[in-house]
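*Asks:* Here are the chains, one letter per residue:
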Amino acid sequence: MEDVGSPTTRRRLLAGTATGIAGSLAGCTERLWSRAESPGPDQVSLTIKAVPADDDIIAAKIASQLRENFETAGIDATFEPIAKAELHRNVLLGGDYDVFVARHAGIDEYDALRGLLHSRYATEAGWQNPFQFSDVTADDLLETQLTTADEDRDRVLSELFDHLTETVPYTVVAFPSRIGAVGTTLSETVSGPPYRPIDYLEILSEPPDEGPQDRPLEVGVFGEALTSRLNPIVVDSNQIPALLALLYDPLVYRTDDGAIPWLAEDVEWDGGSLLEARVTLRDDQRWHDGESLDAEDVAFTHRFLRDTSLGDTESGVPAPQYRGQQSLVESVEAVDSRTVEFSLRTTNRETAIRAFQVPVLPAHVWEPRSTVVGERQTEALVHDNEEPIGSGLFELEAVTDDTEVELVPFTDHVFYDADDRPSVVEEFPQFDGIRFVVAPNSGAVVDLLEEEEIDLTGTPLPADETGRVSDLPGGSVLTEQTDEFYMVGYNSHHEQLGNPHFRRLLSRLLDRDHAAAELLDGFAEPARSLGSLFGVYESELTDEETELTTFPGSDGEVDAEQARSLFEAENYRYEDGALLE
Amino acid sequence: MSLAQVVLELALVVTTMLVTATLVFVGPRRLVAAVRGYRWRLEACLLPIAALGVVLALRWSTRDVALRLERRVVGHNITHTLFALEQRLLGETPVVFLQSIQTEALTEFFVFIYIYGYAFLLLFPIVAYFALEEMEELSTLLLAFTANYGIGLVCYMLFIAYGPRNFDPLVFEPLLYDAFPQSRALTNQVNQNTNVFPSLHTSLSMTVFFLAWLTRDRYPLWVPLSGFLAISVALSTMYLGIHWFLDVVAGTVLALISVYIGVNYTVDGIVSTGRRYLARRFDRIGKPGSE
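So the protein lines, in turn, are chains V and R. Under my numbering, think of the first position of the first sequence as 1, with each following residue one higher. Under my numbering, think of the first position of the second sequence as 1001, with each following residue one higher.
Simulated from the structure, these hints should not be mistaken for lab results. Only a predicted model underlies this, so the values are computations on that prediction, with no experimental measurement involved. Any given hint could turn out to be false.
Unchecked claim - Coverage of chain V stretches by chain R, computed from C-beta distances (three or more under 8 Å per stretch; other residues unrestricted):
1. 48-59
2. 82-91
3. 441-455
Each residue gets a CB set at the ideal place from its N, CA and C atoms; glycine is no exception.
Extracted from the complex, chain R is given alone in its bound form (with noise of 0.2 Å):
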């Protein structure tokens, strides 16, 4: 299966996945209602729009220069810290726990939360929010996005790791790579291996899951659902040997911090605080002997 039949297959299953869900939840006649009005619901959040794509296109464009300052400059290798860590607190670290309870069924679950589960816990509340009548929580959803990725950006920059698979493969199982080799085409697009902590998977999802209980009186059973996904992402991200216990820890307090600054901000603020900031910075240079 080459990379393009990967994103056939995740395309089509996540589609499902969403249309079912959005005829559930949202409901046909404010699909309707949505798709009539989208100009207006698009121009509402253009901003944290465009400040998700700097972000996601700033991470694309600078891989090769991200990797080399991470790798070779500013980076710290923290996998034993991660691992010995774990151990101290805990005794043992819950990733080997959770692979001692493998079944094949187990794995299978696991697998497919960790690939189509996952893009459909991120992309279902963009539609979902997109159909209310205000823009208020789709705004705060993608603000919360961009301030994960722009803070998971920074973390991997700072912190070198290794998940366990590849830390200690006579100890934890690659079970998702064994089960589904090309998935890693996939990832590979998306994340170098060396970015574990945090976990992005676990922040996301929970940032969705949060969202989900702040915004409950309109998707009620919105909570649960995306609740169980968000969890099963994290314990899936341990269990197939991916991360370790402190970066889905680390993901769950990134999550707290992005939906506070979604919540508490919004781009047009943050903007617009910035360049008053600039504007009092230039007026002070452009007035000789003001200070």
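This is chain V alone, in the form it adopts within the complex (with noise of 0.2 Å):
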């Protein structure tokens, strides 16, 4: 036992180890106890979503360049890339998303900021508020701009983007031009991509160099499942672009010269304060299935529009298409089987034309479909509508499977073979209908051209295809400014997007001038004025510039350290480099 005092000397030393263990142990417990009890602030996380590169390259650009801004500046951003029939179901129908970027088919005139924004439309469906934005400030100020004119309404109109600065639901980058390729047939009678229906309805009334043509005018196009559904009033689909339109009439077109009435013969315009409109319609028009088109049609359109369950449910079931237009008409009665007459919401002739631009539906076809499927969906937004019977000069005759659509002239429309149609289509048609080609993308599409398979585009090309283009023999490029936009939208919903602060620095995160110059190659104008950065193209109201536009960085990146001091200028703070809630 000679190593008696050993033992205790180990346990001493094991106690002091345990001791000193124990000790430390403490602190950290209690550390890992305080961050348990009260948890810290984390980091803001965003989920970005747009369509993939495939489908739209430059909105796959703009999501990709705005996470590398959002990270810079400390923000735990992720991009999501989803198919545009998801995505539109994700932000337009579901409300599930952060922050998404998309292409707007644009403004057309002031009021259509009243279905975009207004709070009364933010539970429903479509491009009608999908923000989820309420404040009673700009719903006061939308409302007013309908029943003001001239100068007053000027006034609101300019107090609303005003405000929209100040609140930011949505922010546009750029106005991109539409780039399109025509081959050599038409090289000398097209002058810009076609992509409304009165474009096409101008390419197929003017003489072709060698003459009337016997074969359809084919048209390259390009997109996933393109061809599935062909439903006008849905939203969450892939759709050719003017196909639908090209075979649903509306009562009248408005063009770059002014309003042309279409299957209205005549707008007679009454009512001192809320205008009231008796249209009349041109008569013996049909339907492409041969049934007659009457002032019930009209009038059904819009109750059906406003809602697709007619009565069936308690609170309606709007359609999510044409909502902002429909909403302008405040009842429609039809007086007898040729005159409709419309009491509308606002004092203005040119916003009230909105409401007849949208296609007009046949009863018979979509009545039926009026049936209630599931919580706040019926029958008529969930059908594919393979069979398209509107009243439009094509009718369409055949679809093959992400290959092909084709249309042919119908015969029994009115401006067919009449002699007082409207000028645009005065010598339609020069070609025998439209084939849609659907290609796999837009490099094959421009194979298709090379090879004299299509006459032109009709999906818009992205910029570098252009070099291609002009490099074919007969071929040329179109460019056209459009009204067009990309956007990005934020939802109101999402913890820190509620906040309107917030929402206006994460605006000034994208250098729109770099956007425009390097992700859209030039082919676009970026948002520099008050107007143009909530989608007015070019407004007479104002060209204001504002502080949204100033970007912390520069050459499309951003300052990590100019970004940190905007943020905490807002109070917000930082660790680790990282935004925190």
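If you follow the hints, you should be able to join the two separate chains into one complex; please do so.
*Replies:* Structure, rendered in structure tokens:
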């Protein structure tokens, strides 16, 4: 037992170690406890949704750039590419997103902002307030612009734009030029890439150099699942541009040179304060299935767009498309077979005409589709409408799945052979219909043009195809500035995005000049003025610039320090470069 | 070039490659013998052919339903996860590196490998194993292909992911479709652009390579060639911006699993096990009070 002391020493040593460990653990556990009991703020995290590069390379580029810039500013940002139909489901139907980047068809009239922003539509599907934005001041101004005119209205709208720069429910990045391509046959007759139905009507009414053709006009398009749904009133689908609008006629077409009465022969305005309109339809109009088109169809269309369940649900199931326009109509009534009377919610004719631009639907086809099939869902909104029956100058001949769609002229249309038709369609038709050829991507569309399989392109081309097109013998590039714009939308129901200051800071994190020059290869005008930041391309109201366009960085890259000081000035805190909630 | 032309060209090129390879690796004598005895050979691997046919037909016929189910019900979008994980694990995703060494010749090589080399790699072993004295290898190959497609299909339903070219066009270039836009017409017939994880191009190619190794005493020269092609296919999917590195890793794992299934099981065995199991269940149900 010589080493009797050694166990003691060992024991002491052990005890000492244990105390030491316990002591240090105590400090550690205290920290763990406190962290578990009151967790500190987490890093702000945002998911950006946009279509993948296959569908729209510009949207994907903007979303990528945005992700990078958000990350530099300390936000945990992710980009989630998502197919177009699904993006629309997520953003326009489900409100299931934080931030999205999308190409918007454009604001045709200031009143379009009402559908986009009024809180009344926050619960509706479609492009009706997809931001869940609710702001009493904005609502007020959006209502007032309906019933004011001239300078008064301008003042209201200016005030609205000022207010929007404070609240920023969404922001516009740039207005792209639409890029198209045309082959030899039409290079002399077509001046801009077609995108509205009226553009196609013009092309088909313009005699080509070689005289009228007994073949269809061949148009190359690309995109995913373009032919699977032909329903004009849904948003969760990908569609060939202008196709459905060629099948379904409106009462009135609006062009750059003014309105052209279409199904309507005449519109008589009345009413001291709120407008009333008496619309007379053209005589003897027919649907593609031979049924006659009358005033009841027009009245039905407006009732149906307001509530596709036709009164079967308590609060109604509005159509996700054309709701903004339709909501201008207070009431509508078919007086006789050719006369419809509208009571409108506005005092401005320019605004009121928007209501007449919705496609008229045949009551005998759509009325049976009012059956309620689920929560806020009617048959009409889930139907694929494989055989669209409209009243347009074209009727659907055949659809080959994901390959082609063929339209033929509708010989029973009042404009088909008449003497007194509008000048745009005076020499209609110079081709025997339209054939949309679906290609897998933009490169393949240009291939088709090269092999003279198509006359021109119908889906906007990415800028990097322009080089190849100009190299083609006889091929030429078409560009045209349109009202379309790329936008970044914020979900106001998101914890951080509900804060307008935060949205305003986020909106500054994209270099719009750089985006237009680099991401859109110069084929775009950046949004700079107050109006253009919210989608109005050329506004006479205001060309003021705002701090929203001062970018905290240079050449598209955010400067971390500058961004940080912006957020800190709004009382946001940082930890290890991460922006905290 | 329309789809028909693309397919015709593919058929011509691949047939030429197949004929050449058959003459070199299999030899005319063995080929003649195989053609003479085609009947018993087909009968011997009828079941695996049927199984592969069923899985392919299932895939084809349920495309629309599967797409809807994947995108709206069961699928998880993991694109960003793949990207972020690769960045965290490797500092930078290998796709960026591969695309940085881009040359015109390399692009042409990889486009050729991705389309023609791949088709050849999958078809040639079918011919080669068909010419053997026993049909065991061919059955194994076919069952492994079936497992690849079957498991791949389930993964595609569960994971929605877009490839690099679709995720960030600022960083990744869509080289395949820039060089050969019409190939999309071809790939569209077989695939959606969300079918990325795992890479079936990699898994099927690796399956062929692993089986070539296992049957190296039959076709010793096929081992290095199939290895070269399989690795080139895997690299091409990344170089061309179609797949992530992790898709390729998952594809290789799937190949290992499929080869394991192919070697250790037979369709016959799986069917009879299933039948026995069902019989037992029915037996129990048939006798009331037995449970």
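*Asks:* State for each hint whether it applies.
*Replies:* Cross-check of the supplied hints:
Counting residues of the stretch 48-59 of chain V whose beta carbon lies closer than 8 Å to any beta carbon of chain R gives 4, which meets the minimum of three for the stated coverage. Coverage of the stretch 82-91 of chain V by chain R holds [criterion: at least 3 residues with CB-CB distance below 8 Å; count 4]. Restraint check on the stretch 441-455 of chain V versus chain R: 8 residues with Cβ-Cβ distances below 8 Å, three needed, restraint holds.
Checked against the numbered hints above, the structure violates none of them.
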